[in-house]
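Student: Here are the chains, one letter per residue:
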Amino acid sequence: MEATATPRVTASYLSSYIGRNVIVVGKVIQLRGEEATLDADGSINAHLNRDAHLSAGNGVQIIGKVNPDLSIKVLTSLDLGTGVDYNLANTVVEIAHQQRPMFFYE
Amino acid sequence: MSAYGGYAKTSYGAQGGDDGGGFTMGGTQQGSQGGGSKFADDSLRPVTIKQLIESEESYPGGPLAIDGVPVTQVTLIGQVREIKEQTTNVTYRVDDGTGIVDVKKWIDAERSDGGANTTFQLDTYVRVFGRLTAFNGKKHVGAHFIRAIEDFNEVNYHLLDATYVHLYLTKGAPGAGGGGGGGDAGGDGMFVDGSNGAHSAAPSRLNLCKPNAKRVFKFMQGASDNDGCGAAAIAQGTGMSVTEVIQAADDLLGQGLIYTTLDDETWAVLDY
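Going line by line, the protein sequences match chains A and B.
Going by the UniProt record's numbering, the letters in the first sequence line up with residues 1 to 106, in that order.
Going by the UniProt record's numbering, the letters in the second sequence line up with residues 1 to 272, in that order.
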């Protein structure tokens with residue numbers, strides 16, 4: 001039982017979470033070696049770790065730390081395939097920020 | 001008779017002895033849940049792990065409650081972060097982004113296949129059905145059933161599901177307008193968003209407002225003149241109290257759906 005939240009965010013919320021761990025669900029737009037560009041209601045640069053297996057065009061969930069330049073240092077990633085409803089994922093982020101007591105520790 | 005009376009006192013007196021009939025839990029029961037509390041206890045509630053962590057006994061020694069409603073049976077989703085196999089059970093640490101909780105699946109010794117049910121790879125998303133229990137002050141979920149999630153969207157569906165139930169219990173059913181007056185509120189179906197063709201002018205942000213705010217907004221859309229609507233006029237038109245109208249207007253102001261005109265208690269719909 002641990003009270004540590006990893007907030008679900010989209011690109012526009014990153015600036016509020018610098019230095020913290022977040023969850024991002026997005027689409028892989030581009031892969032450049034150890035870096036990737038994701039689209040999660042806006043584009044996000046991700047610095048990948050060794051065991052990240054992303055494929056361009058697929059959905060991905062990354063958990064990582066937000067850098068001061070709003071890129072993300074990825075700790076773990078999970079390939080989600082092609083059937084991801086991104087609108088739904090973005091809506092969940094909005095709802096979570098509306099209903100903060102259900103999702104975040106203040 | 002005296003023996004019977006004494007019996008009633010000892011068993012119910014300790015609970016605070018409401019003579020409302022029946023055995024009601026906690027005291028913060030929602031109106032619609034009034035009936036058998038046994039039923040409310042055992043309904044299956046979708047939750048976030050943070051809600052489980054913050055659940056509290058509704059009275060000392062009583063059942064754990066979320067939003068003032070007792071819960072035992074819950075369903076949750078999350079990623080498996082750690083698996084501990086023990087002789088009698090397998091303990092999974094499940095993380096849904098809002099917290100981490102231990103989920104214990106008891107091994108069924110009766111089963112001939114050794115009871116070694118399917119275990120899961122680390123970091124896979126699972127759905128858990130189980131019972132929330134507190135043991136030595138530590139809460140865990142005793143799982144009846146755990147399965148892997150194949151369609152990732154189920155994770156998001158679940159989070160919305162849990163939010164919906166939370167809002168239903170804290171703010172009432174959508175479109176119900178907080179009781180009183182609005183019995184037959186026109187085309188307000190169970191599902192407010194999307195399906196209301198007649199009110200298609202309503203912006204999507206309205207769906208984030210409370211039911212009362214929706215009523216006020218619809219009233220204002222129908223009755224706007226240049227100077228806006230006063231709180232008293234809205235209260236009269238919707239059958240709500242002025243205080244409720246002012247709260248609803250605050251909600252709408254917060255969403256940028258209306259703006260103040262002549263004074264602080266007169267508003268107009270923001271059209272653009």
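Check each hint, because a few of them may be wrong.
[To be verified] Rough simulated footprint, nothing fancy, chain A against chain B, three-plus residues with beta-carbon under 8 Å:
(1) 45-51
(2) 92-105
(3) 157-164
(4) 226-237
Treat the hints as calculated values from the structure; they're not laboratory data.
On a predicted model such as this, the values are computed, not experimentally measured, just so you know.
Ideal placement from N, C-alpha and C gives every residue a C-beta, glycine not left out.
Student: Each hint should be assessed against the structure and marked as holding or not.
Tutor: Now the hints, each set against the structure:
1. For the stretch 45-51 of chain B, the assignment as covered by chain A holds, since 3 residues bring a beta-carbon within under 8 Å of that chain's beta-carbons and 3 suffice.
2. For the stretch 92-105 of chain B, the assignment as covered by chain A holds, since 7 residues bring a beta-carbon within under 8 Å of that chain's beta-carbons and 3 suffice.
3. A stretch counts as covered by a chain when three or more of its residues have a beta carbon under 8 Å from one of that chain; for the stretch 157-164 of chain B and chain A the count is 5, and the coverage holds.
4. Counting residues of the stretch 226-237 of chain B whose CB falls under 8 Å from any CB of chain A gives 0; the rule of at least 3 is not met.
When held up to the earlier numbered hints, the structure conflicts with hint 4 and nothing else.
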